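> Could you slot chains S, Z and W onto chain B? The hints should help.
There are 4 protein chains.
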Amino acid sequence: MIQIFITGGTFDKSYDSINGQLYFEKTHLPEMLKRSRCTLDIDIKTLMMKDSLEMGEQDVEMVVQACQNSQAEQIVITHGTDTMTRTAATLANAKIEKTIVLTGAMIPYAFGSSSDGFFNLGCALAFVQTQSQGVYVTMQGQCFHWNQVEKDKDKGIFYKL
Amino acid sequence: MIQIFITGGTFDKSYDSINGQLYFEKTHLPEMLKRSRCTLDIDIKTLMMKDSLEMGEQDVEMVVQACQNSQAEQIVITHGTDTMTRTAATLANAKIEKTIVLTGAMIPYAFGSSSDGFFNLGCALAFVQTQSQGVYVTMQGQCFHWNQVEKDKDKGIFYKL
Amino acid sequence: MIQIFITGGTFDKSYDSINGQLYFEKTHLPEMLKRSRCTLDIDIKTLMMKDSLEMGEQDVEMVVQACQNSQAEQIVITHGTDTMTRTAATLANAKIEKTIVLTGAMIPYAFGSSSDGFFNLGCALAFVQTQSQGVYVTMQGQCFHWNQVEKDKDKGIFYKL
Amino acid sequence: MIQIFITGGTFDKSYDSINGQLYFEKTHLPEMLKRSRCTLDIDIKTLMMKDSLEMGEQDVEMVVQACQNSQAEQIVITHGTDTMTRTAATLANAKIEKTIVLTGAMIPYAFGSSSDGFFNLGCALAFVQTQSQGVYVTMQGQCFHWNQVEKDKDKGIFYKL
Numbered sequence: 004m005i006q007i008f009i010t011g012g013t014f015d016k017s018y019d020s021i022n023g024q025l026y027f028e029k030t031h032l033p034e035m036l037k038r039s040r041c042t043l044d045i046d047i048k049t050l051m052m053k054d055s056l057e058m059g060e061q062d063v064e065m066v067v068q069a070c071q072n073s074q075a076e077q078i079v080i081t082h083g084t085d086t087m088t089r090t091a092a093t094l095a096n097a098k099i100e101k102t103i104v105l106t107g108a109m110i111p112y113a114f115g116s117s118s119d120g121f122f123n124l125g126c127a128l129a130f131v132q133t134q135s136q137g138v139y140v141t142m143q144g145q146c147f148h149w150n151q152v153e154k155d156k157d158k159g160i161f162y163k164l
Numbered sequence: 004m005i006q007i008f009i010t011g012g013t014f015d016k017s018y019d020s021i022n023g024q025l026y027f028e029k030t031h032l033p034e035m036l037k038r039s040r041c042t043l044d045i046d047i048k049t050l051m052m053k054d055s056l057e058m059g060e061q062d063v064e065m066v067v068q069a070c071q072n073s074q075a076e077q078i079v080i081t082h083g084t085d086t087m088t089r090t091a092a093t094l095a096n097a098k099i100e101k102t103i104v105l106t107g108a109m110i111p112y113a114f115g116s117s118s119d120g121f122f123n124l125g126c127a128l129a130f131v132q133t134q135s136q137g138v139y140v141t142m143q144g145q146c147f148h149w150n151q152v153e154k155d156k157d158k159g160i161f162y163k164l
Numbered sequence: 004m005i006q007i008f009i010t011g012g013t014f015d016k017s018y019d020s021i022n023g024q025l026y027f028e029k030t031h032l033p034e035m036l037k038r039s040r041c042t043l044d045i046d047i048k049t050l051m052m053k054d055s056l057e058m059g060e061q062d063v064e065m066v067v068q069a070c071q072n073s074q075a076e077q078i079v080i081t082h083g084t085d086t087m088t089r090t091a092a093t094l095a096n097a098k099i100e101k102t103i104v105l106t107g108a109m110i111p112y113a114f115g116s117s118s119d120g121f122f123n124l125g126c127a128l129a130f131v132q133t134q135s136q137g138v139y140v141t142m143q144g145q146c147f148h149w150n151q152v153e154k155d156k157d158k159g160i161f162y163k164l
Numbered sequence: 004m005i006q007i008f009i010t011g012g013t014f015d016k017s018y019d020s021i022n023g024q025l026y027f028e029k030t031h032l033p034e035m036l037k038r039s040r041c042t043l044d045i046d047i048k049t050l051m052m053k054d055s056l057e058m059g060e061q062d063v064e065m066v067v068q069a070c071q072n073s074q075a076e077q078i079v080i081t082h083g084t085d086t087m088t089r090t091a092a093t094l095a096n097a098k099i100e101k102t103i104v105l106t107g108a109m110i111p112y113a114f115g116s117s118s119d120g121f122f123n124l125g126c127a128l129a130f131v132q133t134q135s136q137g138v139y140v141t142m143q144g145q146c147f148h149w150n151q152v153e154k155d156k157d158k159g160i161f162y163k164l
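Chains as they are written, first to last, in this note's numbering: chain B, 4 to 164; chain S, 4 to 164; chain Z, 4 to 164; chain W, 4 to 164.
No lab work stands behind these hints: they were computed from the structure. Heads up, some of the hints might be wrong.
Stated by the list, open to error - Think about it this way: if two alpha-carbon atoms lie no more than 30 Å apart in a straight line, the pair counts; the simulated BS3-like pairs of lysine-lysine are:
(1) Lys29/Z x Lys37/B
(2) Lys37/W x Lys158/Z
(3) Lys154/W x Lys29/B
(4) Lys158/B x Lys156/W
(5) Lys29/B x Lys158/Z
(6) Lys37/W x Lys37/Z
(7) Lys53/S x Lys37/W
(8) Lys37/W x Lys53/B
(9) Lys156/S x Lys53/S
(10) Lys154/S x Lys37/B
(11) Lys154/W x Lys98/W
(12) Lys101/Z x Lys163/W
(13) Lys156/Z x Lys29/W
(14) Lys163/S x Lys101/B
(15) Lys158/Z x Lys53/S
What the hints assert, rightly or not - Now the in silico label distances, taken between C-beta atoms and shown as ranges:
(16) Leu56/S x Lys37/B: 20 to 30 Å
(17) Lys158/S x Asp157/Z: 34 to 44 Å
(18) Glu153/Z x Arg89/S: 46 to 56 Å
(19) Glu34/W x Asp44/S: 26 to 36 Å
(20) Met51/B x Asp157/Z: 51 to 61 Å
(21) Lys48/W x Thr49/Z: 35 to 45 Å
Just so you know, these numbers come straight off a predicted model, no measurement behind them. For every residue, glycine included, the Cβ atom is placed at its ideal position computed from N, Cα and C.
Chain B on its own, in the form it takes in the complex (with noise of 0.2 Å):
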């Protein structure tokens, strides 16, 4: 069984159309994997919707309890892109001895067909059923093991250290 964690992040953004502004609705997870036409055995947890840049320590720690407490080995965690690396980080210091593999989107799965999103979570589920124990991230077709990994905030690209 692969869990599937939510945290939020541009992956999961809609459109407000009352004031013009991205926001959290719903997760598209199980949209997307409807979809993707997927038969692997998943399990979707939403366990907070933010903007990664709005993750304070609690968000983070929350997130690495799931991890620990979940029954998976295999966990894919859709994330936003600016802290991500430092979830990454936090996860790889509590040791959880399970495939870790977190991923994002540089524009919402909303958006359709400029999004990235749909192939990173392919790339997602791919990697966390064939890389050994250890934290990930995955963008652009990459992965980068969590200490070999920045986004360039000014070009919008992860690259590895």
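Positioned in the frame of chain B, the structure of chains S, Z and W alone reads:
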């Protein structure tokens, strides 16, 4: 470097508004890679654009030779789903010392928000980086060994033998 | 009240992933009206779901009678493009004292971002509110009188006679 | 000839993946007209790209003058929805002897399958061809006279006064 070989299939079909039929106009792979924001070192080559039911022995042989001759040791092949397992078996028999992953789509990428193509491409690019030498098929988030997969044509699903 | 009668056509085709063919599953009209945020008083009724090349005399007669019997004085008909002008002519000969606008699509609505269907629906709903009694065809943003339009099947375009 | 003047608004917003905000990159009108397969004689001109809340008196005056000076007698204006009625009123006061139709979108066209933009464009191009001289607003399939419409900002809906 990862080589992507294109053979066609539902994955790359387009809609011909003049006669109302699906056909092969041009591959969508470059557009998909751009949208995925992929930073992998990838070369795309179109071997053919055919419905896999129309791939004859010579077509499959062309795929085998292309894999043998490629400088890449990691190869993704986009392929129609109806004879994907046959091409996979033929590739396996050629004992090419590379990691080869075949994928396709049940709904054309051109259909936009209902297609599984973009997700499958993510899975394929991920699996090709992590699997050991051999021939694999990925659909539905799963990675099947070439000799442990069949397509259930009534249900439109790949299952593990 | 505006009546929308559905007869099928490319407008409403869906993709059958099992056999790779386009077919009629269910009409997309309710979903389109919801997405348009339409506040018009509209009733939708499916008369049939057919390729217009497969509409025989009885089918066209059914459309004529539905228009005659409808309580609405403003009627939009979604229709395949191949015989749209024939149905329009038959309707005109019935001398129904209503405003009737036929439209369709060159690319199925299900295709998402490449379809003209949603735009054509907007045109049809607008023209049906403003045109005087008579029968019209709208495609490509234009409103043609029933006896001043033909489809160029080679180019996939409607032009004014 | 129909003139389309672009002023911006939600209609034309794009997503900036670097900072996660909506902004104006380039207008989508040419792409929309191509997709609609429109055969009308249309000229597109971008007057500005602004949120309508940021349009000041000079901006609205620029719109009025553009309408006065245009060779076209049929003008569509794409505009943010928040101050669309204000611009419409100012245009009406200028007593320009043309048919002017303003429209916009509640969800950016860039969002793809959830946007009302493409439908509204169809309505606007239809109404501008059939309405007599005057200033109109079209949203939700309806055509409102400039002095008989208001936007309910809480509900995100235009209603007839």
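> Indicate, hint by hint, whether the structure satisfies it.
To see whether the hints hold, each was checked on the structure:
Proposed proximity of Lys29/Z and Lys37/B is supported: the alpha carbons are some 19 Å apart, at most 30 Å. Between Lys37/W and Lys158/Z the alpha-carbon distance is near 15 Å, which keeps this suggested pair within the 30 Å criterion. Simply put, Lys154/W and Lys29/B have alpha-carbon atoms about 27 Å apart, close enough for the 30 Å limit, and the pair holds. Of the pairs offered as hints, the one joining Lys158/B and Lys156/W is violated, with about 36 Å between alpha carbons and a cut-off of 30 Å exceeded.
The straight-line distance between the Cα atoms of Lys29/B and Lys158/Z is roughly 44 Å, outside the 30 Å bound, and the hint therefore fails. Distance restraint check for Lys37/W and Lys37/Z: the Cα-Cα separation of roughly 24 Å lies within the 30 Å cut-off, and the hinted pair is therefore satisfied. As the CA atoms of Lys53/S and Lys37/W are separated by approximately 28 Å, the hinted pair is consistent with the 30 Å bound. Restraint check for Lys37/W and Lys53/B: not satisfied, since their Cα atoms lie roughly 38 Å apart, outside the 30 Å limit.
A C-alpha spacing of about 18 Å is found between Lys156/S and Lys53/S, which places the hinted pair at or below 30 Å, so the restraint holds. With a C-alpha separation of about 19 Å, the suggested pairing of Lys154/S with Lys37/B holds against the 30 Å cut-off. Restraint check: the Cα-Cα separation between Lys154/W and Lys98/W comes to about 23 Å, which is no more than 30 Å; the hinted pair holds. Taken as a hint, the Lys101/Z and Lys163/W pair is honoured in the structure, with Cα atoms around 25 Å apart against an allowance of 30 Å.
Restraint check: the Cα-Cα separation between Lys156/Z and Lys29/W comes to about 34 Å, which exceeds 30 Å; the hinted pair is violated. For the suggested pair Lys163/S and Lys101/B, the alpha carbons sit about 25 Å apart, so the restraint of at most 30 Å is met. Only pairs whose Cα atoms come within 30 Å are accepted, and Lys158/Z paired with Lys53/S is accepted, the gap being roughly 25 Å. A hinted range of 20 to 30 Å holds for the C-beta pair Leu56/S and Lys37/B, which are about 27 Å apart.
Taken as a hint, the range 34 to 44 Å holds for the pair Lys158/S and Asp157/Z, whose Cβ atoms sit roughly 39 Å apart. The beta-carbon spacing between Glu153/Z and Arg89/S, approximately 47 Å, falls within the hinted interval of 46 to 56 Å. For the hinted restraint 26 to 36 Å between Glu34/W and Asp44/S, the CB-CB distance of approximately 31 Å keeps it satisfied. At about 57 Å, the beta-carbon gap between Met51/B and Asp157/Z stays in the expected band of 51 to 61 Å.
Evaluation of the 35 to 45 Å hint for Lys48/W and Thr49/Z yields a pass: the beta carbon distance comes to about 42 Å.
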